[in-house]
Amino acid sequence: PFEALAFWRWVVAAVMLFPFCARYLGRDLRLMAQHKMSMFLIGFTGVFLFSIIIYLAAYNTTAVNTGLLNATAPVWVLIFAAVLTANKPTLSQWVGVLVAGVGTATIIAKADFSVFTEMSFVSGDVFAMVSAMVWAAYSMLLKRAPKGVHPLSLVFVSALIGLVFLTPLYVWSLVVNGEPFFTHLDPAWPDMMKIFYIGAGPAFFGYLFWNRGVSIVGPATAGVFMYLIPVFASGLAIVFLGEELHLYHLGGIALIAFGIWQATKKKRAVS
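Quick note, the sequence shown lines up with residues 20 to 290 if you use the working numbering.
Among the hints, a few may not be true.
Capping the alpha-carbon separation at 20 Å, the derived lysine to any residue pairs in SDA-like fashion look like this [to be verified]:
#  : residue 1 : residue 2
1  : LYS166    : TYR74
2  : LYS129    : LEU264
3  : LYS107    : LYS284
4  : LYS166    : ALA156
5  : LYS166    : VAL102
6  : LYS284    : SER234
7  : LYS107    : ALA156
8  : LYS129    : TYR43
9  : LYS162    : VAL102
10 : LYS166    : PHE244
11 : LYS162    : ILE235
12 : LYS107    : ILE279
13 : LYS162    : ALA105
14 : LYS107    : LYS162
15 : LYS107    : PHE244
16 : LYS213    : TYR74
17 : LYS284    : GLY232
18 : LYS162    : ALA101
19 : LYS162    : VAL34
None of these hints come from the bench; they were simulated from the model.
Start from the sequences, fold in the hints, and give me the full structure.
Below you can see the structure in the form of structure tokens.
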């Protein structure tokens, strides 16, 4: 069940984070207490809402649809930045994000753009689109995180806030299903390792580095780097799964590279 997957993902992440952030928590909790609403929104959107909605999407639509609709997240970041902040996105950022988006679509669709005309939209597609919007909102909210809080503490407290909402949802799923989540794992050990991976990888390290990146370059610039996900996914599949390298990989990677270069031109000039 998606509720159990989201719950255990963040339990694993929180348990792993605590030994590393414990030394900073005394000071950081006082800082975060002065920004209660910001911290609540960060934990609620980034941990609870995004985790639930993205898993709902994965359970209810195809991988292609999920990938394509999630790829709109950088566009939503720019839209939110244009509407809600004084730092309006530049033309270079818009062009870069759109070009990189085309590169991502090229890789996901394997350069067969007829898939776009043949796509059948289902309820899961709505969840996939909303998850992209929620991630964009979370990225924007990170700018409201209290200054001086250690990055590890920020992820840990965000995880705890998210778990406040994930826990009753998980308990509800136990009542409905009538048995513990781990009885659904078959075989148990490999599936438990998968839970450990998504807790340690995307949740612990993924959020830690994403938060840090947003704090340095801002959400609009950080967003375009999300287009590297299919690049790394393709590279890992080629190296470890024996998949072939095709021209659409190279074409998509070239478009993504150009898009990132275009979107970050101003940042490089300022640096």
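Each hint, compared with the structure:
no.	hint	verdict
1	LYS166 x TYR74	31 Å, violated
2	LYS129 x LEU264	11 Å, holds
3	LYS107 x LYS284	15 Å, holds
4	LYS166 x ALA156	19 Å, holds
5	LYS166 x VAL102	24 Å, violated
6	LYS284 x SER234	18 Å, holds
7	LYS107 x ALA156	16 Å, holds
8	LYS129 x TYR43	46 Å, violated
9	LYS162 x VAL102	15 Å, holds
10	LYS166 x PHE244	24 Å, violated
11	LYS162 x ILE235	10 Å, holds
12	LYS107 x ILE279	18 Å, holds
13	LYS162 x ALA105	13 Å, holds
14	LYS107 x LYS162	15 Å, holds
15	LYS107 x PHE244	18 Å, holds
16	LYS213 x TYR74	15 Å, holds
17	LYS284 x GLY232	17 Å, holds
18	LYS162 x ALA101	15 Å, holds
19	LYS162 x VAL34	26 Å, violated
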